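There are 2 protein chains.
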Amino acid sequence: MGNKAKWLWYPGDYETALFNKCMAERHERDVLITPFWRMDSHYVTVKFYSDFTLTKPNDITIKVDGSFNIYIEGIGYIYDFTGVLKLPAGEYHMQILVNNVAQLPCIYVDGEELKSSSQTFRVTCQDDVFYPAAEGKFDDPDISPNKKVKREKEVFPVSVQNTDKGVLYDFGQEISARLSVEGCEIGTTFVCYYGESLDEVFDERHCEQLDRVEVKESVIETSVTKAFRYLLIKKDTHYEKITILSEVSEVENKGYFKSNDKLLEQIYDVSIHTLDMCKKDFFLDGAKRDRWAWSGDAYQSYLVNYYSFCDDETVKRTIIALKGKEPIKTHINHIMDYTMYWILSLYDYLNYGGDKSFIAEIYDSAKGYVDFLLNRRNDDGLLYNLPNDWVFIDWADMDNRGETSFEQILFVETLKRFGEITRIVGKGDGALYDEIANELLSKTIEVFWKDGRFVHARTDGKLQNKVTRYANMFAVMFDLLDEEKTKSVIDNVLLNDDVQQITTPYMRFYEQVTLSKIASEQNIVAEIEKYWGGMLNEGATTFWEAYDPKETGKEKYAMYGRPYGKSLCHAWGANPIYLIFNCILGIKPLCVGYELFICKPKLWMMPDFECVCPIGKGKLHIFYDKTNFSIRAENGNGYLEMPEDFLLCGNADIEGSKYIIHDGEELSFIKKEG
Amino acid sequence: MGNKAKWLWYPGDYETALFNKCMAERHERDVLITPFWRMDSHYVTVKFYSDFTLTKPNDITIKVDGSFNIYIEGIGYIYDFTGVLKLPAGEYHMQILVNNVAQLPCIYVDGEELKSSSQTFRVTCQDDVFYPAAEGKFDDPDISPNKKVKREKEVFPVSVQNTDKGVLYDFGQEISARLSVEGCEIGTTFVCYYGESLDEVFDERHCEQLDRVEVKESVIETSVTKAFRYLLIKKDTHYEKITILSEVSEVENKGYFKSNDKLLEQIYDVSIHTLDMCKKDFFLDGAKRDRWAWSGDAYQSYLVNYYSFCDDETVKRTIIALKGKEPIKTHINHIMDYTMYWILSLYDYLNYGGDKSFIAEIYDSAKGYVDFLLNRRNDDGLLYNLPNDWVFIDWADMDNRGETSFEQILFVETLKRFGEITRIVGKGDGALYDEIANELLSKTIEVFWKDGRFVHARTDGKLQNKVTRYANMFAVMFDLLDEEKTKSVIDNVLLNDDVQQITTPYMRFYEQVTLSKIASEQNIVAEIEKYWGGMLNEGATTFWEAYDPKETGKEKYAMYGRPYGKSLCHAWGANPIYLIFNCILGIKPLCVGYELFICKPKLWMMPDFECVCPIGKGKLHIFYDKTNFSIRAENGNGYLEMPEDFLLCGNADIEGSKYIIHDGEELSFIKKEG
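Keeping their order, the protein sequence lines are chains C and A.
Per the numbering used here, residue 6 is the first one in the first sequence, and the count goes up by one each step.
Per the numbering used here, residue 6 is the first one in the second sequence, and the count goes up by one each step.
It cannot be assumed that every hint is accurate.
It does not matter which identical chain is used: a pair holds within one copy or between any two.
When the alpha-carbon atoms are kept at most 25 Å apart in a straight line, the in silico BS3-like pairs for lysine-lysine are as follows [to be verified]:
hint, residue 1, residue 2
1, K372, K334
2, K26, K152
3, K153, K432
4, K555, K153
5, K593, K607
6, K91, K492
7, K68, K221
8, K263, K492
9, K26, K68
10, K555, K676
11, K467, K622
12, K555, K471
Quick caveat, the hints were computed from the structure, so don't treat them as lab data.
Since we're looking at a predicted model, the values are computed, not measured.
Here chain C stands alone, though its shape is the one from the complex (with noise of 0.2 Å):
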């Protein structure tokens, strides 16, 4: 018991009662913009239970964030409490109820010999079901989750100019922040622009983001960070000082990545900033619009994340508050694509080294979701767009209606994983699944599959002339098909330029990933330098929700219908970071829980590097500079498979054609001369 006591709260509702939060900070201009999905609430009345004995008077110190009553078997409710429990030696059966409808009911309780904890208090909503209390890091009495501060820390511009309309302050690089202004003039009003480009923060207009202060006190601070790198105080504008707050993330990049290729180093950089500023309490889409957790955009912001931060604690928020409560009405983010990759991702958080309890604990709502899903096939077996349905997978120009390829091959990798996920927390065999899975995938080859390749949909019952990349690399990226059609996916789509080409981040990785898996001859290297440096030429200082190489000047920031409507920070613009070091490096769990690595790099394309790249708890040390290259895992086991022309220098254990990399021990090759 020599633990510090936790503050306590009903599983899932902490999330629930952040992400409402979180979700309320997303504005266009003066307008607030909430999700347009169901929101759910914390349980307004929560029971929590304790059992315990005191070996010894205890005075027990108990906080709650609500109103509440302690009531203990044989004593009953404690009247007159003033925040001390003196309880004398003892067996107890004691009960805190909350009542909080605003905000997340919480308790925290401290005695000699009882501290809150999820070993000692359970809790309920009064439904009979019964869990341990849930506990994060809250262990201040005085700050209750309710309570939480974000981590900040002052910037300042490496500019600052007056122009003709107003102060122009430069940040160089984007940054997530808020103001504090003092010396403003009362009964004035306090008016900024705030910009991603310069031609935004110039347009008053459009801009998307503003702040408007009225003034009542002469220090003024705006509440809800923006995302910004450009800050215009609007012309005759009273004020004296300025500070700049910008959010600091909780946790930190736990890798690097150095190389004498200045490009691909900044492109690692760039990513990992545009990662950080759209992970805050959930792994958001954007950092400026539209900052709503997004369920295929977090897919690919966990997967970078297990290869940067680690931030295992934001996954599992974020998969709890796209989760929602019961009942299961709409897809996830009303997106059919969507709740599938929240089902892939249960399975990536258990291979990158999540712990199966988290995963067990939701797996009923997982299989709420597969059965979601299942009964929303057609009589063809097929998954197909219903009203209110949105079938989205990419910015692109396609028709949806009716069933897609993609959605069929997407369900099948869905349905294999779920069975691998109901085998591996303990829930069954997964056959069941199994055999969905294959029954779809003949389906779906019998209905789409023409000429070589799949046909985009079946619309009115009548196959689409269309071909598009989507369900032809995702079947090949999730191994679907025989050697005789994945060869005429590669030769009839992915090496066809004449099949429609993808322009977002987001479909991009995907394709990368799926090239990276069938031939050595592409250069991902290059790929990455080409599009992603391409928007650094642009002046990128973050990456970006779309990008068309084709589109210079102002049109290069307009999406959906607005000028400056498109996100210059856009979190799928960070998926670098997974394809230099999962489909390049070749670093990848091999089991459940990172307990072994494989790395297997593709080291022709590199150029000389340095890096740290993270594996579960451990981390993988690599050097490389065309003749020398060197590994070393701290805290973590694994294997390596090298290129043939490198020679092992000293000794190493060796299994098949793989060398054996021990916790600790550094390997190191040298290339063969010739």
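Got chain C; can you put chain A on it based on the hints?
Below, chain A alone, put in the same frame as chain C:
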């Protein structure tokens, strides 16, 4: 469009939010006691839609409780909104999204050609389901549903006296009130005790209600009403003036009952006062304790209400609140019987004049509860006592483990009435439910019928020896048995004093209803005067939760192991109103919506009286003085079936043995000589 604009919200959420407030008003001394079942929350983000046409420019005032945005198709989000939307003539599709975690999200829209109402706005919680927005009586732009203020009036004590414990106020009868106290001494603590009885108010260590307010300003107000007859301001508490603010019901009793039998008249009046005290925003069980909405208690209150206040809005509100939200995980109030009373109440609501549309709206939830019950039967098809299910039946000495005959009988009637509801609201023919009901009845007789009556229960597979009145009287009340079995139950149970007596007005009610059906020689009036009159003899000014004539002295106030735990103002005590009008005067709806009534009075047991009995939207005026009987319907049509010894004066239409009563016409009768 001449109507006033109304505040709008998501259907059911006004009730949900209000229920959370109301259920947090129960206190035991200084301890808050909220319900022990799952309390749900309003939806925190809802979106209102309106399609409308303006023929000229309109200035549209929009008021919202919560953060919000306004979006108009073709225009986009409305920036810089200051409260009034100025729109030119045209066709519009408008959305208003409202976000409010702490309170009910609601809107008020008022323009010359657009006024918010359930006709002009739809609403969704963003789960793809849309409803007409809900409205109530809130049409003041400055008083949203969240700002509703309770009506109050000042009441005065009948005596004030100084005692050695403090100043004692006696209000002559039980009231529900809070205090406003002037001239308090800042820095002191204002302490007062409340008592339903003199014993309670003077027992400062055990009285159930008190207020203890730290005086920070010279005027203090208590926030939550207490129910009491006596108030004791603690000795040495400094104050100058006290004002007692009593809650005023928004709906008044629509009937009356006057008689030369002053005891019966008093029983009627005290019953009305009792129900009035327990009817707040919801039908609560007791005014002092426990102030929760309990489905079985509320069921009786609804029935009494149909013969007194006709407050259908509070019936609906209580039905919605008790229903809760999806998913259904437990019985209503955790009590098996209470889920079934909830379904029965829907059937009554339809008959007593409620609109079908409300029942149609919640039909799916009702079906959810019927399915919940069906799924909790055992292999014999019988309901049984599952862990965490509470089989209540009554406060009495009995063993409800295993299967109780009472729950089966109640379920048979529940299924039959649900079949009826299904037919009435046009959701099918309901035959399935009749079929299951018949099977269950057969099984119940097979298992529990022994020696000419139902045995109480089968526990651990063995039939108990105990017989109670419950299953037996309900089977007769619901006409479930054939003539032979009915007679057997009457002789062996209902008229057999050796079978355990009932000591709560709750079940005493059903007993009297049943007795009134079976044999005209049962003098229900005498029984009412004996049992309810007994409480008046004990000094009751409102009727009690339980009354055992054998208990005298202070012990009569005790319950739940607390000396004043018994509620002396309990809604189910008010049921003589129903017994008089429904069971003795035989006034009942003959069809859905009270379109036709029947009146079949048992005059032989009645003293002289004059009364008005509400019949749906109308009233029935009756006069009787043993020789003369007259009856007149005001806003109603129906039938009269007179005892044979009364002769019609004048003419009347006749149908079979019944006189037809036309709206507004009076029929007079005179008793035959001899």
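Hints versus structure:
no.: 1; hint: K372 x K334; verdict: both (14 Å within a copy, 18 Å between copies)
no.: 2; hint: K26 x K152; verdict: both (12 Å within a copy, 24 Å between copies)
no.: 3; hint: K153 x K432; verdict: neither (36 Å within a copy, 50 Å between copies)
no.: 4; hint: K555 x K153; verdict: neither (45 Å within a copy, 59 Å between copies)
no.: 5; hint: K593 x K607; verdict: within (14 Å within a copy, 87 Å between copies)
no.: 6; hint: K91 x K492; verdict: neither (75 Å within a copy, 62 Å between copies)
no.: 7; hint: K68 x K221; verdict: between (35 Å within a copy, 24 Å between copies)
no.: 8; hint: K263 x K492; verdict: neither (36 Å within a copy, 95 Å between copies)
no.: 9; hint: K26 x K68; verdict: both (23 Å within a copy, 22 Å between copies)
no.: 10; hint: K555 x K676; verdict: neither (41 Å within a copy, 102 Å between copies)
no.: 11; hint: K467 x K622; verdict: neither (51 Å within a copy, 59 Å between copies)
no.: 12; hint: K555 x K471; verdict: within (23 Å within a copy, 88 Å between copies)
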